[in-house]
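All chains, full assembly: derive it from the sequences and hints.
Here numbering that gives the first Met the number 0 is used: the first residue of the sequence shown is 0, the next is one more, and so on.
Hint data in this document are derived by calculation from the structure and do not stem from the laboratory.
The reader is advised that the hints may include incorrect statements.
[Claimed, not checked] With a Cα cut of at most 30 Å, we get these calculated DSS-like pairs of lysine-lysine:
1) K50 x K67
2) K67 x K180
3) K180 x K45
4) K209 x K45
5) K45 x K67
6) K251 x K38
7) K180 x K209
8) K120 x K180
9) K209 x K38
10) K180 x K272
11) K272 x K209
12) K120 x K67
13) K272 x K50
14) K38 x K50
15) K67 x K209
16) K251 x K120
[What the hints assert, rightly or not] Just the calculated beta-carbon pair ranges, DEER-fashion:
17) L136 x T267: 18 to 24 Å
18) I241 x Q71: 27 to 33 Å
19) G44 x H106: 17 to 23 Å
20) P68 x L136: 56 to 62 Å
21) N143 x G249: 18 to 24 Å
22) R190 x Y243: 39 to 45 Å
23) K251 x H194: 20 to 26 Å
24) P68 x S246: 26 to 32 Å
25) G44 x A270: 54 to 60 Å
26) N134 x S266: 21 to 27 Å
In this text the structure is predicted, and so the values were computed from the model without any measurement.
Heads up, the beta-carbon is just placed ideally off N, CA and C, and yes, glycines get one too.
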Amino acid sequence: MAMVAVGVLHHHILSASSRIVCLSSCSRPPLSVSSGVAKVVLKKGKTQLFKDGSPMVYSGAVDRIIGKPPPQTGDVVIVADGTENPIGWGLYNSVSMFCVRLMQLQHESTRDPSCALNIEKLLQTRITQAVQLRNSLGLPAENNTNAYRLVNSEGDRLSGLIVDVFGDIAVVASSAAWLEKYRSHVEACLRSSIHGINHINWRPSLDVLKEDGFDISSLKQTQTSSSAPPLPERSMVVENGISYAISLEGQKTGFYTDQRENRRFISTISAGKRVLDLCCYRL
Numbered sequence: 000m001a002m003v004a005v006g007v008l009h010h011h012i013l014s015a016s017s018r019i020v021c022l023s024s025c026s027r028p029p030l031s032v033s034s035g036v037a038k039v040v041l042k043k044g045k046t047q048l049f050k051d052g053s054p055m056v057y058s059g060a061v062d063r064i065i066g067k068p069p070p071q072t073g074d075v076v077i078v079a080d081g082t083e084n085p086i087g088w089g090l091y092n093s094v095s096m097f098c099v100r101l102m103q104l105q106h107e108s109t110r111d112p113s114c115a116l117n118i119e120k121l122l123q124t125r126i127t128q129a130v131q132l133r134n135s136l137g138l139p140a141e142n143n144t145n146a147y148r149l150v151n152s153e154g155d156r157l158s159g160l161i162v163d164v165f166g167d168i169a170v171v172a173s174s175a176a177w178l179e180k181y182r183s184h185v186e187a188c189l190r191s192s193i194h195g196i197n198h199i200n201w202r203p204s205l206d207v208l209k210e211d212g213f214d215i216s217s218l219k220q221t222q223t224s225s226s227a228p229p230l231p232e233r234s235m236v237v238e239n240g241i242s243y244a245i246s247l248e249g250q251k252t253g254f255y256t257d258q259r260e261n262r263r264f265i266s267t268i269s270a271g272k273r274v275l276d277l278c279c280y281r282l
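Written out as structure tokens, the structure reads:
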């Protein structure tokens with residue numbers, strides 16, 4: 000009888016121990032248990048700025064980098080405070096003054112571990128959220144507005160990425176080296192997330208990319224070898240019920256979608272009046 004009691008007690012102890020181990024390991028923040036990922040350690044006193052949401056870690060804030068081999072531009076890295084405790088993760092750049100573009104803070108990684116250290120998953124999540132946010136604002140609006148900004152760089156937590164939608168065309172303005180590395184993933188996410196997209200016009204900001212350490216010559220070779228179907232020179236879009244002909248090779252993305260509300264306001268005070276169109280954008 001005593002042996003049975005001891006055996007039962009031993010079983011309960013093992014079960015309890017296994018539950019404790021499981022709870023302990025499962026409750027650990029995902030960035031704390033990562034392996035094989037380089038760690039960018041910040042200088043003392045520089046951490047709070049980035050904990051508060053500043054998305055770009057400048058090189059002057061970095062104390063040291065832990066990891067062999069050292070990370071390359073576009074690699075995923077952990078960002079840590081001076082005691083090497085993770086505060087988030089992002090994408091590394093060995094040349095730019097912006098050493099890391101933060102993608103997720105520690106508490107966000109804990110809340111959504113599926114995106115932790117996973118840029119492909121994070122891209123899909125953030126672009127889907129951007130689509131849902133625009134939909135909640137009534138964009139696109141059938142027969143009224145099909146030209147709008149879908150992704151607004153840091154505003155949508157995707158530093159360096161601008162996406163404007165013009166009907167069935169998505170125009171991407173890339174101004175960060177990491178975007179060129181993950182271009183195929185960005186394009187795949189856009190195609191799967193935006194209803195009715197038939198063309199993607201990828202427009203790299205060459206001067207900014209050069210400052211970001213990107214090899215422009217390799218970019219030109221990639222563009223030349225692309226087998227994507229040619230885009231039309233111009234496209235018709237509708238904004239607030241007014242039709243516009245836009246050039247897909249025009250300034251920026253081809254149309255100032257961020258001025259939509261200003262154009263609508265002007266229409267309310269200029270009806271029936273003579274208006275001087277001064278220094279406005281022309282095709």
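To see whether the hints hold, each was checked on the structure:
1. K50 x K67: Satisfied, since the Cα-Cα distance of roughly 26 Å is no more than 30 Å.
2. K67 x K180: Judged against 30 Å, a Cα distance of about 21 Å means the pair holds.
3. K180 x K45: holds (29 Å)
4. K209 x K45: holds (27 Å)
5. K45 x K67: holds (24 Å)
6. K251 x K38: violated (35 Å)
7. K180 x K209: holds (14 Å)
8. K120 x K180: holds (15 Å)
9. K209 x K38: holds (25 Å)
10. K180 x K272: The given pair, whose Cα atoms are some 51 Å apart, is violated under the 30 Å limit.
11. K272 x K209: violated (46 Å)
12. K120 x K67: holds (25 Å)
13. K272 x K50: Not OK: K272 and K50 at ~51 Å, beyond 30 Å, violated.
14. K38 x K50: Holds, at about 16 Å.
15. K67 x K209: Within the cut-off at roughly 27 Å; holds.
16. K251 x K120: Status holds; Cα separation ~28 Å.
17. L136 x T267: 18 to 24 Å: The hint (18 to 24 Å, Cβ to Cβ) holds, given that L136 and T267 are roughly 19 Å apart.
18. I241 x Q71: 27 to 33 Å: Violated, at about 47 Å.
19. G44 x H106: 17 to 23 Å: This hint holds: roughly 21 Å between Cβ atoms.
20. P68 x L136: 56 to 62 Å: Violated, since P68 and L136 (Cβ atoms, about 45 Å apart) do not stay within the stated range.
21. N143 x G249: 18 to 24 Å: holds (23 Å)
22. R190 x Y243: 39 to 45 Å: Check failed, 25 Å falls outside 39 to 45 Å.
23. K251 x H194: 20 to 26 Å: holds (24 Å)
24. P68 x S246: 26 to 32 Å: Check failed, 45 Å falls outside 26 to 32 Å.
25. G44 x A270: 54 to 60 Å: Cβ of G44 to Cβ of A270: about 57 Å, so the range 54 to 60 Å holds.
26. N134 x S266: 21 to 27 Å: holds (24 Å)
Checked against the numbered hints given earlier, the structure breaks hints 6, 10, 11, 13, 18, 20, 22 and 24 and satisfies all the rest.
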